[in-house]
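Whole structure, please, built from the sequences with the hints as guidance.
Take any residue in the sequence shown, note its place counting from 1, add 6, and you have its number in the numbering used here.
Because the hints were derived from the structure by calculation, they are not lab data. Please read these numbers as outputs of a predicted model, since none were measured by experiment. Don't be surprised by glycine CBs; every beta carbon is placed ideally from N, CA and C. Heads up, a few of these hints could be off.
[What the hints assert, rightly or not] Heads up, simulated DSS-like pairs for lysine-lysine below, C-alpha to C-alpha not over 25 angstroms straight-line:
hint, residue 1, residue 2
1, K172, K186
2, K161, K186
3, K161, K172
[Unchecked claim] Simulated restraints on C-beta separations:
hint, residue 1, residue 2, range
4, K161, E188, 17 to 27 angstroms
5, V44, F164, 53 to 63 angstroms
6, T189, S41, 33 to 43 angstroms
7, D108, F81, 28 to 38 angstroms
8, P159, L64, 21 to 31 angstroms
9, A94, P36, 46 to 56 angstroms
10, D180, G38, 25 to 35 angstroms
11, I42, F164, 48 to 58 angstroms
12, L39, E134, 51 to 61 angstroms
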Amino acid sequence: MTFLFPFAGARGAFFHAGAALQPMWWTLAPLGLESILVSLRKRGWGNDQNRVVFRSALVMVAMILTVYVVYLRVFTLGWGEIDADYKAVDQFLVEHGIEEQDIVMARNAPGYYLNTGRSAISIPYGGETALLQAAQEFEAYYLVLEPEAVLDPIKDLFQNPDSRNKFVYLGDVDGARIYKLETK
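What follows is the structure in structure tokens.
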């Protein structure tokens with residue numbers, strides 16, 4: 007499914023791929039509702055008014071969910087505000103000697119690329135070893151560690167930035183810790 011619908015979330019595409027099936031689910035829902043109403047009518051439990059009531063309820067549920075999600079994503083959380091500091095992070099990296107072709111490891115790699123035009127890979131799940139392996143494999147020598155990306159295996163790296171020899175702490179931009187990775 008992820009090959010056909012490749013939009014991924016900040017932590018991967020497994021659950022996001024299910025979103026591609028939602029048009030099918032919502033298309034099939036009236037058919038399923040109709041079959042339930044037919045079986046109820048056979049048992050003598052329903053009448054033709056049920057069809058109007060249930061179809062209207064289905065449309066109302068879809069409208070309420072749409073309004074709720076738009077309100078939550080656009081007005082409450084702010085559309086795209088979570089990635090707004092990537093331009094400042096990239097400017098910081100340019101000031102600290104990043105080259106044009108260098109790759110960055112970030113929480114939201116597609117968002118980083120869209121905001122800066124610089125290639126990026128997602129932070130892998132795991133500890134410092136997983137970070138260094140991914141950095142070496144993809145030649146990503148800079149790490150942007152945001153508070154939202156700090157999971158248990160790398161929590162100590164975020165809380166104590168100066169305590170690692172393979173992670174050279176460059177500084178902080180809007181709460182994001184920036185490291186140069188020494189993988190060699």
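task = If any of the earlier hints don't hold here, list their numbers in rising order.
result = Numbers 6, 8, 10 - these are the hints that the structure violates, sorted from lowest upward.
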